[in-house]
Amino acid sequence: MTTTPGPPVTRAGFLAATAALVLAACGNDGGGRSSTPPDPAPARTVGESASTGPTTAITDVPPASVMAEGAAPSTATDETAAATPSVIPAAMVGATTIDGAAFDADALAGRPTVAWFWAPWCVICRGEAPDVVDVVSRYSDRVNFVGVAGRGEAAEMREFVADTDTSSFIHLDDSSGEIWASYEIFAQPAFAFITDDGRLETFTGSLGADELAAIVDQLLDA
Numbered sequence: 001m002t003t004t005p006g007p008p009v010t011r012a013g014f015l016a017a018t019a020a021l022v023l024a025a026c027g028n029d030g031g032g033r034s035s036t037p038p039d040p041a042p043a044r045t046v047g048e049s050a051s052t053g054p055t056t057a058i059t060d061v062p063p064a065s066v067m068a069e070g071a072a073p074s075t076a077t078d079e080t081a082a083a084t085p086s087v088i089p090a091a092m093v094g095a096t097t098i099d100g101a102a103f104d105a106d107a108l109a110g111r112p113t114v115a116w117f118w119a120p121w122c123v124i125c126r127g128e129a130p131d132v133v134d135v136v137s138r139y140s141d142r143v144n145f146v147g148v149a150g151r152g153e154a155a156e157m158r159e160f161v162a163d164t165d166t167s168s169f170i171h172l173d174d175s176s177g178e179i180w181a182s183y184e185i186f187a188q189p190a191f192a193f194i195t196d197d198g199r200l201e202t203f204t205g206s207l208g209a210d211e212l213a214a215i216v217d218q219l220l221d222a
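50 is the number that the numbering used here gives to position 50 of the sequence shown; each next residue is one higher, with no gaps.
Hint data in this document are derived by calculation from the structure and do not stem from the laboratory.
Treat the hints with care, since some could be wrong.
Using C-beta positions, here's what the derived DEER-type ranges look like [unchecked claim]:
| # | residue 1 | residue 2 | range |
| --- | --- | --- | --- |
| 1 | L220 | S175 | 17 to 25 Å |
| 2 | S168 | A102 | 14 to 22 Å |
| 3 | D221 | D165 | 23 to 31 Å |
| 4 | A155 | E178 | 16 to 24 Å |
| 5 | E156 | A102 | 14 to 22 Å |
Values in this document were obtained by computation on a predicted structure and should not be read as measured data.
Note that CB positions come from ideal geometry on N, CA and C, so glycine has one too.
Let the sequences and hints guide you as you build the complete structure.
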């Protein structure tokens, strides 16, 4: 499928389909919790404060997606399939994994992506890890899952993955905070839900397996 640049971030493209699910998760025991980082959060880029729950519409931020370089042209004959763009999350281009390897962001093209933002010292992140792994095991054939580790060193991140048995999906080393800032993530745990055509929605707080799975179902339909 030929890849094309994605649309600008709207953060409201599928909010109506997911907001009720996310807010319901906040009402459950343990839902919607976040862990405050030990260091000051980086400055926001669009002048709004971070909050737990779905973000509101933002129009003055960079595109959420870019052309997937080197992708082969589509061989699809169906007009609908041929017209569907294939994009990748722009913030993950050029990223490095916690093992020090270059991350192939082009591999994300063609499917929706769920990014899980965590820190190695975050107790809440550690506690929700089994739920994330559960959802990954159920949807990894249809959805990309990427861990985005921040506010720590690579060795600590690798230890977290080993301790929580979350090695079933790739984790990026965002010790610089660049990816977190791009998605306006300032506390952990948090999630970014990105449609296959580049629309973005974020949520700050903890989600159980059922709540996360329900949102992923909506993401697939978005």
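Consistency of the hints with the structure:
Remark: the range hint 17 to 25 Å for L220 to S175 is contradicted by a beta-carbon distance near 31 Å. A hinted range of 14 to 22 Å holds for the C-beta pair S168 and A102, which are about 20 Å apart. In this structure the supplied range 23 to 31 Å holds for D221 paired with D165, their Cβ-Cβ distance being about 30 Å. A C-beta distance of roughly 20 Å is found between A155 and E178, which places it inside the suggested range of 16 to 24 Å.
Checking the proposed 14 to 22 Å range against E156 and A102 shows it holds: the Cβ atoms sit about 21 Å from each other.
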